Amino acid sequence: MSAALDSIANPEAENPSSLVARFGPDKPLLLDCGVALTPFQIAYQTYGTLNADKSNALLICHALTGDQHVANDHPLTKKSGWWLNMIGPGKVFDTDRFFIICSNVVGACMGTTGPASQNPHGDGVWALDFPVVTIRDMVRAQAMLIDHLGIDTLFCVAGGSMGGMQVLQWAASYPDRVFAAMPIATAPKHSAQNIAFHEVGRQAIMADPLWKAGRYIEAGVRPEKGLAVARMAAHITYLSEPALHRKFGRKLQDRDAPTFSFDADFEVESYLRYQGRSFVERFDANSYLYLTRAMDYFDLAADYDGVLARAFKGTKTRFCVVSFTSDWLFPTSDSRAVVHALNAAGASVSFVEVETDKGHDAFLLDEPVLTATMGGFISSAARARGLVGGAL
Amino acid sequence: MSLAPTGQNATRVDLLLVADMIEKGARVLDVGCGDGALLKTLIDNRGVDARGIELSQAGVNSCVAQGLSVIQGDADTDLDAYPDDSFDYVVLSQTLQATRNPRVVLEQLLRIGHRAIVSFPNFGHWRVRTSLLFGGRMPVTENLTYAWYETPNIHFCTIRDFVDLCDAIGAKIEGGVALNGSGDKVGLQLPWAVWNLFGEQAIFLLSRPR
Numbered sequence: 001m002s003a004a005l006d007s008i009a010n011p012e013a014e015n016p017s018s019l020v021a022r023f024g025p026d027k028p029l030l031l032d033c034g035v036a037l038t039p040f041q042i043a044y045q046t047y048g049t050l051n052a053d054k055s056n057a058l059l060i061c062h063a064l065t066g067d068q069h070v071a072n073d074h075p076l077t078k079k080s081g082w083w084l085n086m087i088g089p090g091k092v093f094d095t096d097r098f099f100i101i102c103s104n105v106v107g108a109c110m111g112t113t114g115p116a117s118q119n120p121h122g123d124g125v126w127a128l129d130f131p132v133v134t135i136r137d138m139v140r141a142q143a144m145l146i147d148h149l150g151i152d153t154l155f156c157v158a159g160g161s162m163g164g165m166q167v168l169q170w171a172a173s174y175p176d177r178v179f180a181a182m183p184i185a186t187a188p189k190h191s192a193q194n195i196a197f198h199e200v201g202r203q204a205i206m207a208d209p210l211w212k213a214g215r216y217i218e219a220g221v222r223p224e225k226g227l228a229v230a231r232m233a234a235h236i237t238y239l240s241e242p243a244l245h246r247k248f249g250r251k252l253q254d255r256d257a258p259t260f261s262f263d264a265d266f267e268v269e270s271y272l273r274y275q276g277r278s279f280v281e282r283f284d285a286n287s288y289l290y291l292t293r294a295m296d297y298f299d300l301a302a303d304y305d306g307v308l309a310r311a312f313k314g315t316k317t318r319f320c321v322v323s324f325t326s327d328w329l330f331p332t333s334d335s336r337a338v339v340h341a342l343n344a345a346g347a348s349v350s351f352v353e354v355e356t357d358k359g360h361d362a363f364l365l366d367e368p369v370l371t372a373t374m375g376g377f378i379s380s381a382a383r384a385r386g387l388v389g390g391a392l
Numbered sequence: 001m002s003l004a005p006t007g008q009n010a011t012r013v014d015l016l017l018v019a020d021m022i023e024k025g026a027r028v029l030d031v032g033c034g035d036g037a038l039l040k041t042l043i044d045n046r047g048v049d050a051r052g053i054e055l056s057q058a059g060v061n062s063c064v065a066q067g068l069s070v071i072q073g074d075a076d077t078d079l080d081a082y083p084d085d086s087f088d089y090v091v092l093s094q095t096l097q098a099t100r101n102p103r104v105v106l107e108q109l110l111r112i113g114h115r116a117i118v119s120f121p122n123f124g125h126w127r128v129r130t131s132l133l134f135g136g137r138m139p140v141t142e143n144l145t146y147a148w149y150e151t152p153n154i155h156f157c158t159i160r161d162f163v164d165l166c167d168a169i170g171a172k173i174e175g176g177v178a179l180n181g182s183g184d185k186v187g188l189q190l191p192w193a194v195w196n197l198f199g200e201q202a203i204f205l206l207s208r209p210r
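Sequence order for the protein chains is A and B. First residue of the first sequence: 1, per our numbering; consecutive thereafter. First residue of the second sequence: 1, per our numbering; consecutive thereafter.
Since the hints were made in silico from the structure, they are not lab data. It is possible that some hints are incorrect.
[Stated by the list, open to error] With a straight-line Cα cutoff of 27 Å, these simulated DSSO-like cross-link-like pairs (lysine-lysine) come out: (1) A/K54 - A/K27; (2) B/K24 - A/K316; (3) B/K24 - A/K313; (4) A/K225 - A/K78.
[What the hints assert, rightly or not] Quick partial rundown of chain A residues pointing at chain B, CB under 7 Å, derived from the structure: (5) P368; (6) T371; (7) A372.
[Unchecked claim] Take a look, some chain A residues computed to stay more than 10 Å from chain B by CB distance: (8) L50; (9) H121; (10) D123; (11) L210; (12) A341; (13) G346; (14) S348; (15) V352; (16) E353; (17) G376; (18) S380.
Quick caveat: nothing in here was measured; it's all calculated off a predicted structure. All C-beta atoms, glycine included, are put in the ideal place defined by N, C-alpha and C.
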């Protein structure tokens with residue numbers, strides 16, 4: 001790799017600051033598109049200690065632009081973990097009691113094999129030669145990691161947004177391996193509106209001349225402008241109108257009057273530009289294409305003759321579904337569809353719609369009702385699982 | 001709805017009587033389960049597999065935080081999803097009068113459960129009657145604390161009205177209790193008319209039409 005490439009390629013994609021599980025030709029990842037991905041690797045983080053009978057493992061599934069650094073400082077941005085408010089000693093996901101695993105999804109760019117990884121069959125990175133992956137593929141890969149760690153049944157699988165899709169897929173694909181499931185701010189299928197927003201993001205990336213049909217890493221450039229616009233558009237969908245109004249209103253950015261230009265006059269513009277700029281430092285544009293595609297393709301009922309309840313037939317897993325009143329990306333109606341299907345399947349399910357104006361992103365924030373709900377559910381599930389006191 | 005849509009002061013002696021009607025180890029759905037008091041009693045004392053539906057966020061939060069399987073939902077709209085015969089008992093405690101369509105709700109209860117247990121405030125109670133007769137206003141009593149313009153109780157009925165509804169949908173009344181204002185049972189052998197006059201609350205055990 002040339003010096004130019006070194007500076008442009010994300011070092012975390014190949015040699016992550018994480019634990020890595022490598023799967024050779026004897027253990028290919030069989031993808032929904034028909035390709036057997038091999039060799040491949042999964043980058044993951046763990047917190048807490050696995051108990052003797054391996055019954056206290058808890059898998060966290062990350063969202064579209066999240067990664068495995070859920071409760072430690074991020075190696076690139078140096079910011080604290082994205083769910084640090086939930087994970088730690090005495091917290092909802094109590095590291096004194098549970099062994100917490102979070103892995104980077106397949107197709108992402110923080111160390112699990114994805115379009116930014118070296119293509120073993122070619123000279124450079126995979127780029128668009130990487131096969132299209134699905135939510136089910138991500139979950140298959142996670143199941144291989146769980147096997148690799150010698151864990152039979154997960155005490156709990158939890159996640160929000162795209163992470164919640166993985167939780168639902170886990171419960172459907174491996175019902176006997178999931179004791180409790182917590183799908184948060186998610187949906188059993190991606191809506192037309194959400195696919196539309198994703199398409200805007202993808203087109204923004206592909207319209208950037210530096211995208212170079214996906215071969216930008218070899219060219220020593222990055223489609224930063226396109227990726228930033230994709231992030232800006234998406235970021236709006238993670239918030240809510242009341243939250244934007246409360247935070248920014250029509251306030252001007254460091255000025256007393258409009259400049260009669262297309263400079264970022266408004267605070268909200270400045271904020272979005274910042275969100276776009278900081279995102280490109282840590283995320284790969286092609287990964288963004290692949291992961292948004294995986295979400296678009298998600299339709300759990302489609303795999304079960306269009307009847308969502310059949311995905312959960314006979315399940316023994318206990319579920320806790322959470323939605324947020326101001327989430328218009330994954331509205332409560334989506335969560336309610338999951339709840340109705342679980343009811344129809346006779347599953348044990350709790351469901352809370354948390355009242356908040358913080359939109360979809362609320363699942364990442366300190367929402368007392370969310371914390372109390374998750375805490376109560378996890379504690380009672382732990383009692384039912386016989387996990388009392390410390391992990392050991 | 002809140003724990004007791006009849007009013008904040010409503011005592012919940014009916015919960016204990018409801019619990020007494022339920023066999024050990026049964027599968028129970030409590031519709032309008034409030035803060036989960038009945039579910040908790042059933043699980044702790046009777047080894048019941050108990051689930052709940054509750055409309056108020058505060059109620060659901062309290063239930064889920066206690067580890068109860070409760071969903072935020074509505075008796076009028078969220079019973080459809082449950083398959084036939086999915087529970088041994090479906091309980092509707094102090095909630096029937098707050099539903100938009102009590103007849104449909106009652107039919108749903110008996111579709112989902114083999115038996116239904118329904119408790120409700122009796123609008124035929126003498127206090128209610130005298131309040132309307134002599135006061136000329138919608139009754140506000142110790143157990144019915146809301147003014148007419150703010151009450152969630154949009155479908156009050158008397159014990160006789162309820163018995164008529166059971167007849168109309170062919171539900172079989174297997175048992176019943178009426179409670180007076182002090183929470184004591186009104187004599188079992190007495191005729192409906194007496195229950196209807198002195199029962200402040202009524203609890204019925206129903207089974208589905210044959």
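State the violated hints by number, sorted upward, taking the hints as numbered earlier in the document. Going through the list in order, the structure violates hints 5, 6, 12, 13, 14, 15, 16, 17 and 18 and respects the others.
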